[in-house]
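S.K.: Each chain is listed here by its residues.
There are 2 protein chains.
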Amino acid sequence: MAPVPTSSIDRLVESVADRMAEVNALIASHAGSDVTMIPEVADHLISSGGKRIRPMLTLATARLFDYRGDGDVKLATAVEYMHTATLLHDDVVDDSAMRRGKPAARMIWGNQASVLVGDFLLGQAFKLMVDVGSLEALDVFSSAAATISEGEVRQLAGAKNLSVGEDHYMAVIDAKTAALFAAATAAGPIIARAASYRAPLESYGRNLGLAFQLIDDALDFGGDAATLGKNVGDDLREGKATLPVLLAYGRGSAEDRAFWERCIERSEVQDEDVLKARDLVLATGALADTQARAQEFADRALEDLKSVPPAPMRDALAEVVGFAVSRLH
Amino acid sequence: MAPVPTSSIDRLVESVADRMAEVNALIASHAGSDVTMIPEVADHLISSGGKRIRPMLTLATARLFDYRGDGDVKLATAVEYMHTATLLHDDVVDDSAMRRGKPAARMIWGNQASVLVGDFLLGQAFKLMVDVGSLEALDVFSSAAATISEGEVRQLAGAKNLSVGEDHYMAVIDAKTAALFAAATAAGPIIARAASYRAPLESYGRNLGLAFQLIDDALDFGGDAATLGKNVGDDLREGKATLPVLLAYGRGSAEDRAFWERCIERSEVQDEDVLKARDLVLATGALADTQARAQEFADRALEDLKSVPPAPMRDALAEVVGFAVSRLH
Chain A
1 MAPVPTSSID RLVESVADRM AEVNALIASH AGSDVTMIPE VADHLISSGG KRIRPMLTLA
61 TARLFDYRGD GDVKLATAVE YMHTATLLHD DVVDDSAMRR GKPAARMIWG NQASVLVGDF
121 LLGQAFKLMV DVGSLEALDV FSSAAATISE GEVRQLAGAK NLSVGEDHYM AVIDAKTAAL
181 FAAATAAGPI IARAASYRAP LESYGRNLGL AFQLIDDALD FGGDAATLGK NVGDDLREGK
241 ATLPVLLAYG RGSAEDRAFW ERCIERSEVQ DEDVLKARDL VLATGALADT QARAQEFADR
301 ALEDLKSVPP APMRDALAEV VGFAVSRLH
Chain B
1 MAPVPTSSID RLVESVADRM AEVNALIASH AGSDVTMIPE VADHLISSGG KRIRPMLTLA
61 TARLFDYRGD GDVKLATAVE YMHTATLLHD DVVDDSAMRR GKPAARMIWG NQASVLVGDF
121 LLGQAFKLMV DVGSLEALDV FSSAAATISE GEVRQLAGAK NLSVGEDHYM AVIDAKTAAL
181 FAAATAAGPI IARAASYRAP LESYGRNLGL AFQLIDDALD FGGDAATLGK NVGDDLREGK
241 ATLPVLLAYG RGSAEDRAFW ERCIERSEVQ DEDVLKARDL VLATGALADT QARAQEFADR
301 ALEDLKSVPP APMRDALAEV VGFAVSRLH
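From first to last, the protein sequence lines stand for chains A and B.
Using the working numbering, the first residue of the first sequence is number 1, and each one after it goes up by one.
Using the working numbering, the first residue of the second sequence is number 1, and each one after it goes up by one.
FYI, nobody ran anything at the bench for these hints, they're computed from the structure.
Just so we're clear, the structure is a prediction, and the values are computed from it rather than from any experiment.
Please note that a few of the clues may not be correct.
Which copy is meant is left open, because identical chains are indistinguishable; a pair holds if it fits in one copy or across any two.
[As the list claims (entries may be wrong)] Simulated crosslink set (DSBU-like; lysine-lysine; CA at most 35 Å straight-line):
| no. | residue 1 | residue 2 |
| --- | --- | --- |
| 1 | K160 | K306 |
| 2 | K102 | K160 |
| 3 | K102 | K306 |
| 4 | K276 | K160 |
| 5 | K102 | K240 |
| 6 | K51 | K276 |
| 7 | K276 | K306 |
| 8 | K306 | K51 |
| 9 | K102 | K51 |
| 10 | K51 | K240 |
| 11 | K160 | K51 |
Hey, can you work out the whole structure from these sequences and the hints?
M.R.: Right under this line is the structure:
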């Protein structure tokens with residue numbers, strides 16, 4: 001048997017495959033409704049080949065403490081619904097045409113359906129959480145829901161603005177991405193009643209989420225539509241002042257700064273600008289520094305795991321960290 | 001002292017005024033965020049003079065059983081947040097320009113902010129419910145959240161369609177309006193641990209909500225923008241096949257049916273069509289029958305109240321029913 005690669009989600013996938021099959025069945029059944037537009041819209045996105053890392057993290061952190069019950073499957077499903085609801089609303093907010101290499105739901109069913117089906121999935125997520133009956137888990141997820149949307153509004157308020165600064169950027173990704181990762185990894189120890197491990201695992205999730213988002217934002221200047229399911233330069237076209245942009249802008253010549261201002265603040269982006277932007281984030285070291293920042297959070301996530309008892313599942317969680325930061329290579 | 005009118009919310013307003021002051025304070029404080037766009041958008045709608053009937057119903061149904069604690073105030077605030085979130089998303093879905101006599105939030109801050117601030121308020125609502133710690137209340141409200149959005153999608157799927165039928169219409173208003181009224185009136189007995197009164201009060205709320213929505217839909221052909229805060233004919237312009245329309249369409253001549261098909265199914269509505277539509281719903285008895293249907297649900301709501309011990313608060317709840325159906329006169 002070939003050695004398991006150390007920067008992969010394969011071991012995570014394998015070690016929760018049995019529970020994940022139940023999650024996938026529950027995802028499909030609870031997105032049902034006699035209002036046919038609901039399963040149509042939900043299935044379009046749900047079956048579009050997302051990696052489902054967040055629900056796997058909930059299953060994995062529960063199994064780490066030998067959790068027995070069905071709360072892990074329900075909370076994992078709730079996590080994926082919350083994530084899907086966020087994507088549906090995000091695509092409306094960003095006017096996105098594509099999602100995971102397919103037309104965004106809003107391009108087929110319209111913005112209205114995307115808003116309302118997102119709301120429906122959020123409602124279903126809370127019903128599943130109530131079903132589990134853990135007020136602590138409900139607390140974590142309802143706080144995450146408020147934090148995620150607060151982060152999205154913060155991002156919207158700072159859109160097309162190069163003077164927002166790195167703190168703003170970090171606050172945005174901490175809220176819109178890391179909060180749900182943190183809730184997903186807190187859920188396991190909460191339902192498994194492993195209270196003393198909640199803090200390190202929640203911290204692991206947050207740091208992993210930050211590393212993930214930093215690399216995602218770096219990937220807007222690399223990779224390609226086929227592997228990413230989105231187009232290189234999408235963030236640029238949407239006027240998102242991500243970290244690579246903020247760093248390159250800060251380090252740029254007057255001419256470079258004028259270029260970024262035109263692209264980000266005035267939304268005048270031509271196809272050739274995407275290549276030029278890529279050159280600039282490479283030449284100024286902005287991309288390398290974004291990657292280094294991601295590695296810092298990855299290191300913190302690995303440090304968090306040291307507080308957790310050694311187990312094959314812990315190794316699987318460590319490999320996810322490697323996967324998060326290796327995607328740029 | 002003048003006699004209390006029997007079709008008014010005055011007595012309800014008076015009998016929960018002390019607790020409502022706390023609700024209003026909580027509404028203002030929890031809509032806060034250092035992301036300034038959030039309180040701006042939220043306050044625009046929250047301070048726009050809605051009657052806040054739903055939170056008052058929660059306070060009243062808790063006080064009916066001498067509830068002591070702060071759960072009533074928190075759940076009442078959650079109810080108003082859920083309602084506000086729904087309005088923000090509704091305005092996006094309906095492309096509405098006005099809400100309560102003011103420009104809709106989306107006209108000032110854009111659809112994106114309306115979607116995201118709605119999400120934020122929904123998250124805050126769930127946080128407040130978790131704070132109260134009643135899994136039964138959480139169950140009622142999370143189910144209502146899913147039901148409301150399912151009803152909105154059902155309405156969207158049947159928009160601009162005159163063949164949907166009365167059952168479709170009733171299913172829509174039961175979900176999009178009555179479900180939250182029912183949750184609001186179930187919340188009181190739930191937190192006051194008056195378990196045997198949950199069913200009749202939940203039924204009271206549902207029937208009251210149905211009566212309310214039927215009269216609202218009738219008011220699209222009467223009243224005026226000043227008293228309603230919306231323009232007469234708005235539903236018509238949005239292609240909504242409400243009960244008065246469905247009834248008038250079913251009873252109309254070939255020429256009348258062609259008129260309705262043009263207005264509702266092809267969205268070709270001129271200003272003079274609003275007057276013609278009004279004539280038709282009056283002449284065919286569609287408006288009177290809609291009102292009669294509302295009265296049926298009002299009667300059922302009053303019947304529900306008979307299961308509740310006599311008390312001044314019960315009388316106040318009965319007067320709200322009278323208020324709901326008297327608005328058309």
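S.K.: The structure should be examined with respect to each hint, and the outcome stated for every one.
M.R.: Taking the hints in turn, this is what the structure says about them:
1. Taking the closest pair of Cα atoms, K160 and K306 never come within 35 Å of each other, the shortest separation being 40 Å inside a single copy and 59 Å across copies.
2. Within a single copy, K102 and K160 get their C-alpha atoms as close as 26 Å, and across copies as close as 28 Å, so both meet the 35 Å cut-off.
3. In the homo-oligomer, the alpha carbons of K102 and K306 never lie at most 35 Å apart, since the shortest distance is 39 Å inside one protomer and 56 Å across protomers.
4. For the homomeric pair K276 and K160, the shortest alpha-carbon distance inside one copy (18 Å) is at most 35 Å, but the shortest distance between copies (47 Å) is not.
5. With identical chains, the CA atoms of K102 and K240 are at most 35 Å apart both within one copy (21 Å) and between copies (32 Å).
6. Taking the shortest alpha-carbon separations for K51 and K276, only the intra-copy value of 31 Å comes in at or below 35 Å, while the best inter-copy value is 55 Å.
7. Taking CA atoms no more than 35 Å apart as the test, K276 paired with K306 passes in neither setting, with 42 Å inside one copy and 74 Å between copies.
8. With identical chains, the CA atoms of K306 and K51 are at most 35 Å apart within one copy only, with a shortest distance of 26 Å there and 55 Å across copies.
9. For the homomeric pair K102 and K51, the shortest alpha-carbon distance inside one copy (15 Å) is at most 35 Å, but the shortest distance between copies (44 Å) is not.
10. Proximity of K51 to K240 under the C-alpha cut-off of 35 Å is restricted to the intra-copy arrangement: shortest distance 24 Å within a copy versus 40 Å between copies.
11. For the homomeric pair K160 and K51, the shortest alpha-carbon distance inside one copy (30 Å) is at most 35 Å, but the shortest distance between copies (38 Å) is not.
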